[in-house]
Amino acid sequence: MGEFTREFTEDNFEADVLGASVPVVVDFWAEWCGPCKMLAPTIDKIAEKYNGKVIVGKLNVDNSPSVAQKFNVRSIPNVLIIFNGEVKEQVVGNVPEADISALLDKLV
1 MGEFTREFTE
11 DNFEADVLGA
21 SVPVVVDFWA
31 EWCGPCKMLA
41 PTIDKIAEKY
51 NGKVIVGKLN
61 VDNSPSVAQK
71 FNVRSIPNVL
81 IIFNGEVKEQ
91 VVGNVPEADI
101 SALLDKLV
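The opening residue of the sequence shown carries number 1 in my numbering; numbering runs sequentially from there.
Read the hints as simulated data drawn from the structure, not as lab findings.
Be aware that a few hints might be false.
[Claimed, not checked] Computed list of lysine to aspartate or glutamate pairs in EDC-like fashion (alpha-carbon distance at most 20 Å, straight line):
(1) K53 <-> D11
(2) K88 <-> E3
(3) K45 <-> D99
(4) K70 <-> E3
(5) K53 <-> E10
(6) K49 <-> E10
(7) K49 <-> D99
(8) K53 <-> E7
(9) K106 <-> E14
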């Protein structure tokens, strides 16, 4: 995980994600997921690029299954952009950095 990328869990999700005053990028992933590992450097780049404007973090679906269920995450990698406690955007799969940036640029 990159220097600017946080780790979200069931314990901190409500406060750190739903209670945030800025948009939050949540990467739902798992250790066994190959495409998730390929997306990881992209998530770290997004975290560095938008540092101070958005919060970026990863949530391991195996360690925090209730959060994944709450947001109906059925396949991974699955990236949600949450702002003011609501899902604003969602992308599934190993998507290019430019795609995620374009979605974030609409919110910041």
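Each hint tested on the structure:
no.: 1; hint: K53 <-> D11; in the structure: violated (23 Å)
no.: 2; hint: K88 <-> E3; in the structure: violated (25 Å)
no.: 3; hint: K45 <-> D99; in the structure: holds (13 Å)
no.: 4; hint: K70 <-> E3; in the structure: violated (28 Å)
no.: 5; hint: K53 <-> E10; in the structure: violated (23 Å)
no.: 6; hint: K49 <-> E10; in the structure: violated (26 Å)
no.: 7; hint: K49 <-> D99; in the structure: holds (14 Å)
no.: 8; hint: K53 <-> E7; in the structure: holds (17 Å)
no.: 9; hint: K106 <-> E14; in the structure: violated (23 Å)
Checked against the numbered hints above, the structure breaks hints 1, 2, 4, 5, 6 and 9 and satisfies the rest.
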